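Residue numbers (this note's numbering): 1 to 156.
You may find that some hints are simply not true.
EDC-like, lysine to aspartate or glutamate: derived pairs with alpha carbons at most 20 Å apart [what the hints assert, rightly or not]: (1) Lys97 with Asp134; (2) Lys97 with Asp62; (3) Lys97 with Asp151.
Each pair of labels, with its calculated beta carbon distance range [to be verified]: (4) Arg103 with Ala153: 29 to 35 Å; (5) Pro87 with Thr155: 30 to 36 Å; (6) Glu148 with Asp112: 17 to 23 Å; (7) Ser154 with Val64: 35 to 41 Å.
If you're looking for bench data, these hints aren't it; they were derived computationally from the structure.
Every value quoted in this text rests on a predicted model; they were computed, and no experiment measured them.
Even for Gly, the Cβ is constructed at its ideal location relative to N, Cα and C.
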Amino acid sequence: MVRNPRRLAPSVLVGVLALAGCSDSTPTDDNTPATAPATVESSTATASPPSATATAPAPPPDAVMPALHSRTYEQARTEFSGQDLSPARLTAAAQHKDVTLPRDHDDWYICDTSPRPGAPLPATTTVTVRLAQDFSDCTTSFNGYLYEENDPASTP
1 MVRNPRRLAP
11 SVLVGVLALA
21 GCSDSTPTDD
31 NTPATAPATV
41 ESSTATASPP
51 SATATAPAPP
61 PDAVMPALHS
71 RTYEQARTEF
81 SGQDLSPARL
91 TAAAQHKDVT
101 LPRDHDDWYI
111 CDTSPRPGAP
121 LPATTTVTVR
131 LAQDFSDCTT
141 SFNGYLYEEN
151 DPASTP
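When you get a sec, could you build the whole thing from the sequences and use the hints?
Below is the structure:
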């Protein structure tokens, strides 16, 4: 069995109807030239369903969360601006419970992001980035604390 693409079916139908004489039902005598049947191209255009863009403009696709891990907060803001995303959507937080994020944290490193890289980023989503002063601190954690002595579960 041969499958025809969906776009081919309307064209075939119009062609069959044109050959069968259904395109012009006025009788002609031998002295009057016959009216030319409608062309397949013009019939196909009217036979195909209207496109979605003809009725309403398509909404812009959601942005995708960029991979920001190991970049500085300043680099993340630049990345957002480069992708036409507002840097105001970025919310900074400390990676560890015992670290206070300073007012100027532009040179701190991103350890983690929410949402994750590659996830859809609708216009209303705020992006939280978890920062550490030193990139090696991203992998250090004592139950969420940078320093073991600050962890209440730690025994000296």
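Numbers of unmet hints, in rising order: Hints 2 and 5 contradicted; others consistent.
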